[in-house]
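A.B. asks: Sequence:
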Amino acid sequence: MVYSSGENLFVQFNTLKRTADSQNRGFSGWFEFSERFVNLGFIGKNDGQHIKGTECDQKILSRKESNGTVYSPNYPFLYHSNIVCKYYIYGLQDSQHLERVNIEFEKFEIPATDPNDCTDAYVRIFTQSHETVEEFDFVFCGQTIPPPVLSEGPTLVLVFSSGSTQGQGFKARYLFETDYKVPGTPSTPGQCHFSYMSESTKSGDINSPRYPSNYPSSTYCVYDFFGEPGQQVKLVFNHFKINPDPALAIPGYNDVCQEDWLEIYEVL
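The UniProt record's numbering applies: residue 1 is where the sequence shown begins, and numbers increase by one.
Don't read these hints as lab results, they were simulated from the structure.
Note that the coordinates shown come from a computational prediction; the quantities given were computed from them, not determined experimentally.
Cβ coordinates follow ideal geometry from the N, Cα and C atoms, glycine included.
It cannot be assumed that every hint is accurate.
[As the list claims (entries may be wrong)] Computed spacing ranges between beta-carbons, pair by pair:
1. E266 - R173: 39 to 45 Å
2. V84 - N116: 17 to 23 Å
3. P115 - R18: 27 to 33 Å
4. D260 - S198: 36 to 42 Å
5. W261 - T185: 47 to 53 Å
6. D94 - Q12: 21 to 27 Å
7. P148 - Q258: 39 to 45 Å
8. E259 - D94: 17 to 23 Å
9. T113 - S200: 40 to 46 Å
10. V11 - K171: 55 to 61 Å
11. S218 - T113: 51 to 57 Å
[Said to hold, decoys possible] Capping the alpha-carbon separation at 25 Å, the derived lysine-lysine pairs in PhoX-like fashion look like this:
12. K64 - K234
13. K171 - K86
14. K59 - K86
Turn these sequences into a full structure, and let the hints steer you where they fit.
C.D. replies: The following block contains the structure:
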């Protein structure tokens with residue numbers, strides 16, 4: 001099934017010059033002109049890109065820690081029944097960048113007879129870029145604004161199905177944020193700054209950003225450890241390979257830390 005993005009569509013059929021083959025039976029199908037198909041105006045020109053050939057699927061690519069808004073079709077007016085639209089939201093993923101997707105709903109109205117049984121009309125979210133019917137991570141319907149959702153990796157897929165209902169739909173903000181892959185409690189949103197509280201856990205793991213993969217360049221991270229009165233903190237490194245400045249290294253002595261380094265302070 002193929003949809004046009006506008007009012008016109010061009011189809012071209014080519015064959016190679018060869019002897020006729022009874023197995024090459026060609027194709028048949030049917031077409032329809034209609035105004036009932038989804039109007040693509042809900043796809044933000046600065047945010048989403050319509051995936052050609054689909055009725056209303058779109059993809060959104062990060063511009064490095066960028067953000068934007070996604071809407072259900074025809075928002076803020078009633079959406080049509082029996083449509084399915086997919087939103088593929090891609091964060092950066094390369095040797096220097098790794099992002100995850102944070103999505104927060106601002107408006108939400110997808111009528112359901114039972115908010116605990118979202119099988120007719122719904123929003124399904126896949127946080128690990130899988131997209132099989134049985135493996136969605138979250139499903140929402142009704143009129144209660146869902147909680148924020150954070151992807152497990154650089155991709156988040158949102159599927160909107162209107163079913164047999166009609167409603168206002170949804171409006172949601174998405175944010176691409178750097179994923180440092182550091183265990184700990186984030187202290188400063190969007191920054192590599194993590195806290196470890198004795199009152200929460202007595203032991204745990206720490207690592208450099210994206211370990212065991214290579215850490216990115218130009219990175220500044222802070223790890224704060226807060227114990228209770230009378231306690232001390234012990235750090236044990238199971239692996240340690242941080243790039244020094246080879247031009248300043250002296251054979252037989254500790255490498256000179258001019259490029260990358262780890263500093264440890266005691267705060268009394």
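A.B. asks: All hints are to be evaluated individually against the structure, with a verdict given for each.
C.D. replies: Cross-check of the supplied hints:
| no. | hint | result |
| --- | --- | --- |
| 1 | E266 - R173: 39 to 45 Å | 41 Å, holds |
| 2 | V84 - N116: 17 to 23 Å | 22 Å, holds |
| 3 | P115 - R18: 27 to 33 Å | 60 Å, violated |
| 4 | D260 - S198: 36 to 42 Å | 29 Å, violated |
| 5 | W261 - T185: 47 to 53 Å | 24 Å, violated |
| 6 | D94 - Q12: 21 to 27 Å | 37 Å, violated |
| 7 | P148 - Q258: 39 to 45 Å | 41 Å, holds |
| 8 | E259 - D94: 17 to 23 Å | 21 Å, holds |
| 9 | T113 - S200: 40 to 46 Å | 41 Å, holds |
| 10 | V11 - K171: 55 to 61 Å | 36 Å, violated |
| 11 | S218 - T113: 51 to 57 Å | 53 Å, holds |
| 12 | K64 - K234 | 37 Å, violated |
| 13 | K171 - K86 | 14 Å, holds |
| 14 | K59 - K86 | 8 Å, holds |
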